[in-house]
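J.: The whole structure should be built from the sequences, with the hints applied where relevant.
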Amino acid sequence: MSLWRRIFRMDARKSDLDDEMETHRRMAMADRVARGEPEDAARAAVEHEMGNLALARDVTREAWGWVWLEWLLQDVRYALRQMKRSRGFAATVIGTLALGIGAATAMFTVVDHVLLRQLPYKDAEQLVVMSEHGNDPRFNNGASWLDLAQWRAASHSFEDLAFWNGMEGRSYVTGGTGSALQINGLQVSPNLFALLGAKPALGPGFIAEPPGFGAVKNTGSIVLSHTVWETAFAGNKGIIGSKIRINDTPYTVVGVMPTGFQFPYDNYPAGQVWVVQQLSDSDKKLGYDESFYSVIGRLRSGVTLKAAQAEMATIQEQVIQRYTDPQWRADRIDVSVQRYGNTLVNADIRKALLALLAAAGVLWLIASVNVTNLLLARSTARQREIAMRGALGASRGRVLQQMMVEGLVLSGCASVLGIALALVAVRVTGSVASTRLNVDFSTHLNGTILGALCGLTLVSALLSCTWPAWLAVRAPIEPALKQGGQQTGAGRRHNRMRSGLVAVEVAMSLTLLVACGLLLRTIYTLRHVPLGYRTDHIVVANLSIPTYRYTDKNVATTLYQPLLERVQHLHGVQMAGMMSEVPLGQTFNIMLTLSMNGRMVAAGLKPVTPQIQRIFGFPMIAGRFFDDQDTPTSEPVLVVNPAFSREYAPDKHDPQSILGTEVWSLKKGAPKARVIGVMDDQRQRTIDSPSQPEVEVCLCQLTTSTNLYQPSTIAMDLAVRTRMPTSEMIPEIRAALKQASPELANSTFSTMDQIVEDSYGSQRLAAHLLEIFGGSALLLCVAGLYGLLAYVVSQRTRELGVRIALGAQRSDLSRLVLRQAGTMLLIGVAVGTGLAWASARLLRGFLYGVQAHDGWTMASAALLLFLCGMLAAYVPARRAARVNPMEALRSE
Amino acid sequence: MKKEKETYQNRIELLQGTLDMLILQTLQWGAQHGYGISQALRSRSSEVLQVETGSLYPALHRMERYKWIAADWRKTEQNQRARYYRITAEGRRQLASERTRWSGMVEAIASILEA
Chain A
647 MSLWRRIFRM DARKSDLDDE METHRRMAMA DRVARGEPED AARAAVEHEM GNLALARDVT
707 REAWGWVWLE WLLQDVRYAL RQMKRSRGFA ATVIGTLALG IGAATAMFTV VDHVLLRQLP
767 YKDAEQLVVM SEHGNDPRFN NGASWLDLAQ WRAASHSFED LAFWNGMEGR SYVTGGTGSA
827 LQINGLQVSP NLFALLGAKP ALGPGFIAEP PGFGAVKNTG SIVLSHTVWE TAFAGNKGII
887 GSKIRINDTP YTVVGVMPTG FQFPYDNYPA GQVWVVQQLS DSDKKLGYDE SFYSVIGRLR
947 SGVTLKAAQA EMATIQEQVI QRYTDPQWRA DRIDVSVQRY GNTLVNADIR KALLALLAAA
1007 GVLWLIASVN VTNLLLARST ARQREIAMRG ALGASRGRVL QQMMVEGLVL SGCASVLGIA
1067 LALVAVRVTG SVASTRLNVD FSTHLNGTIL GALCGLTLVS ALLSCTWPAW LAVRAPIEPA
1127 LKQGGQQTGA GRRHNRMRSG LVAVEVAMSL TLLVACGLLL RTIYTLRHVP LGYRTDHIVV
1187 ANLSIPTYRY TDKNVATTLY QPLLERVQHL HGVQMAGMMS EVPLGQTFNI MLTLSMNGRM
1247 VAAGLKPVTP QIQRIFGFPM IAGRFFDDQD TPTSEPVLVV NPAFSREYAP DKHDPQSILG
1307 TEVWSLKKGA PKARVIGVMD DQRQRTIDSP SQPEVEVCLC QLTTSTNLYQ PSTIAMDLAV
1367 RTRMPTSEMI PEIRAALKQA SPELANSTFS TMDQIVEDSY GSQRLAAHLL EIFGGSALLL
1427 CVAGLYGLLA YVVSQRTREL GVRIALGAQR SDLSRLVLRQ AGTMLLIGVA VGTGLAWASA
1487 RLLRGFLYGV QAHDGWTMAS AALLLFLCGM LAAYVPARRA ARVNPMEALR SE
Chain B
1377 MKKEKETYQN RIELLQGTLD MLILQTLQWG AQHGYGISQA LRSRSSEVLQ VETGSLYPAL
1437 HRMERYKWIA ADWRKTEQNQ RARYYRITAE GRRQLASERT RWSGMVEAIA SILEA
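Just so you know, the sequences run in chain order A and B.
Numbered per my numbering, the first sequence spans residues 647 to 1538.
Numbered per my numbering, the second sequence spans residues 1377 to 1491.
There could be a bad hint or two in this list.
EDC-like cross-link-like pairs, simulated, lysine to aspartate or glutamate; straight-line CA separation at most 20 angstroms [stated by the list, open to error]:
no.	chain 1	residue 1	chain 2	residue 2
1	B	Lys1451	A	Asp1404
2	A	Lys1199	A	Asp1182
3	A	Lys660	B	Glu1440
Cβ-Cβ distance ranges computed for the label pairs, FRET-style [as the list claims (entries may be wrong)]:
no.	chain 1	residue 1	chain 2	residue 2	range
4	B	Glu1466	A	Lys660	23 to 33 angstroms
5	B	Ala1465	A	Arg672	24 to 34 angstroms
6	B	Glu1466	A	Ala680	44 to 54 angstroms
Hints are computed from structural coordinates only; laboratory data are not their basis.
Treat the numbers as computed from the prediction; the structure is a model and nothing was measured.
For every residue, glycine included, the Cβ atom is placed at its ideal position computed from N, Cα and C.
T.: As structure tokens, this is what we get:
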């Protein structure tokens, strides 16, 4: 019988039972009257015979087997009545718990999306990625075709191996409407989809030709992601078999993947396309020009990661025999095998999220402890009611159940409010978080999160209710009824426990406050690091350059030069320049390791235009920056940064001494480029790491014959100094870009101020969250302290009155209260300092310019907490001092 | 449900088990309401057995839940509405097994007493 039908039928059955017993009574009466007894005597006899009817009814109902449900409903109704009667109390409890549950749920939502996400592949936990690496596994190399073919042939741990690689340069869907949509283009092995256990929603997909995985039947074919199919082809179902153009190369569409499918799993917003990688004999070489592929494999069921790793290590010993160059061999000495899911989130973010989840958990604990305290106070106030129920025959279990149900109802209400809070919080921070964490937050709720929420609700109720309920039930009935007043014997023990709970709250709050303080100091320090350049009034466009159009052309003269001139003449533009990557841009960096005069030099390379130095106001330490005199035909020149001169100048302490040094030649046979200046560029990649050696080269001196670097294959940032508000400039610049080439409309815009702000990244996010957590914790803690003291004072009114009557000074009384507050706070702070000390380790990775065990931060957090606590204690202390002895004594 | 039944059976004490058996036996002769059952038990035991309301109805409702008996509302000869219970096939089986147990117990007790 379903629960609901039971509930509906319950009332009907109850009246049935009443009827049945009534019939019984009437028949018995009728029999006796028929036998000649007088009616009054008959009634009395029947009533005597039948005994306690109410009890009989109850026992009968118990026989129905679902009386627990009735009790439960009774308890829920009773709990709701209680809540209505003391609205303030209910609101405080619900609000407090909602804060804790909300914070924990919000953080859990983020963690669920980032760390626990379900990858859209079949048995995703069996998928592993493999790469070759040298001694440092962080720098991995992918694998060449020959190597991975050998892996595939020799290994037994995997059902299959597949590979993929990004298309060269940026990819656009071209042709048709004239606009060019930038997409994520990938070259993959034809067996990739089969390995992932994914099938196209439309079309046959790639047909892998056995036995090799480089061969395919339908060559020149392409599979579209659902997003690309919808945005670029309007969801046209007849697209299978038709030709489309990617970067002006025609491909035949053989499939459209189902919604949500993506590989690699990187949430590229505009969608992905996959083309078959055609491998020929020319790929069977080992050289600098070879492509290196990312490799994914599916472990055979039952094969552990360790076993696979061990097998690969053995195979790799054979593989590297082919490499004759010792450096190449050293770079591939080992193979790493990692679960694919674990490679998607970097370790820092994982740690950050777990630390924040822990912080949210602490806040939730504080909230629960606070509610425990509130309920303890309340159960003292309700002692009489409980005792009365006991006296009327309620069993302890029954009263315990009732109090637990009350707790559940309260925490259930709090959950509803909490999840609303969590949703708002995730939506507000989601936009920041999704770009930083590469996660799509559009689907907020799922089974895991709801399950976690239910768990939280239940545990909150258990945590905060059990103790108060147990104490209330165990309290002896008689004294509570006899004394009747509010001042009963159990008070003192209760108060000691409640003081303990407040101290626990204080300790946990201090931990959060210290963490918050450390991050705030980090942010403060980061913001005050001298950048060494201007950031105001600069619009930055990360150009979306259609590489495929410029493979044989000089991109500097055909695209960049005209584009700069066009932008330069826009209204409001003071100056426009280009740089492969603006400082802190985190978009693209070029690292070169080349021999300079017989010495290996490792440095970053940044092609720039001469205007860049004035746009950013980079100070020149020595020599000059590029100017109009530097042309493709003039002497090749370079500008370096102080880090470079410190590393490679003849006199390390004199940047002047590097001027004139000949470093590299830009093309074969040309004279070596000479250093003409040292430009100060503090903080190029991130604010918290020092500059690395870097070389600037004038963009115009890089041509198609340059072998150092091909400018057309790269990213380029356009930086514009403007007189106008940057928001007004962006649409104009975008229009100018689109005119130059339709693909450029895909460029992403920002301002230099924004880029600097974004570079604070995870620290800022963590600091904001911890501000919220720490602030809430402080509030809860102060509220808990105040609540306890106010209660104690009201409970001790009579005692305080007697003290005054016996000659105590009023200041003695307030000191009494303040001393109690001080004790709780000091104990809490002492324990909390220990906790904070232990937990600060978790934060170490985020901190900059401040030690994890920074004494000042700890001391200020402790002081803040102590002062707030004393302030909260001041109000009850004053109330204690104002007790009127006459009234206090009379009130009893 | 199964588990509850087991705990129920473990809980059976002589008297209670006996009451169930007696009620089932009474219903063998035809459907009857609660008052009728108590009267029948009383008259057949020559006024020795007095079943209390507080035991009778819980027993009836419990047996109804176990589907040993079924109930419906009917009119009595005096044109009163009353809830009539009748024994089901499962109830008959239960009665048979209770009777076996009962007679086994009676024999055992008797042999002890006569020894």
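J.: Are B:Lys1451 and A:Asp1404 close enough, with their CA atoms no more than 20 angstroms apart?
T.: violated (85 angstroms)
J.: Does the beta carbon distance between B:Glu1466 and A:Lys660 stay inside 23 to 33 angstroms, or does it fall outside?
T.: Check passed, 26 angstroms falls within 23 to 33 angstroms.
J.: Starting from A:Lys660, check that the Cα of B:Glu1440 is at most 20 angstroms away, please.
T.: Within the cut-off at roughly 15 angstroms; holds.
J.: Check the following: the C-beta atoms of B:Ala1465 and A:Arg672 are separated by a distance inside 24 to 34 angstroms.
T.: holds (32 angstroms)
J.: Taking the beta carbons of B:Glu1466 and A:Ala680, is their distance inside 44 to 54 angstroms?
T.: Violated - the Cβ-Cβ distance for B:Glu1466 and A:Ala680, about 37 angstroms, lies outside 44 to 54 angstroms.
J.: When you check the alpha-carbon spacing of A:Lys1199 and A:Asp1182, does it fall within 20 angstroms?
T.: violated (35 angstroms)
In summary, the structure is inconsistent with hints 1, 2 and 6 from the numbered list given earlier, while agreeing with the others.
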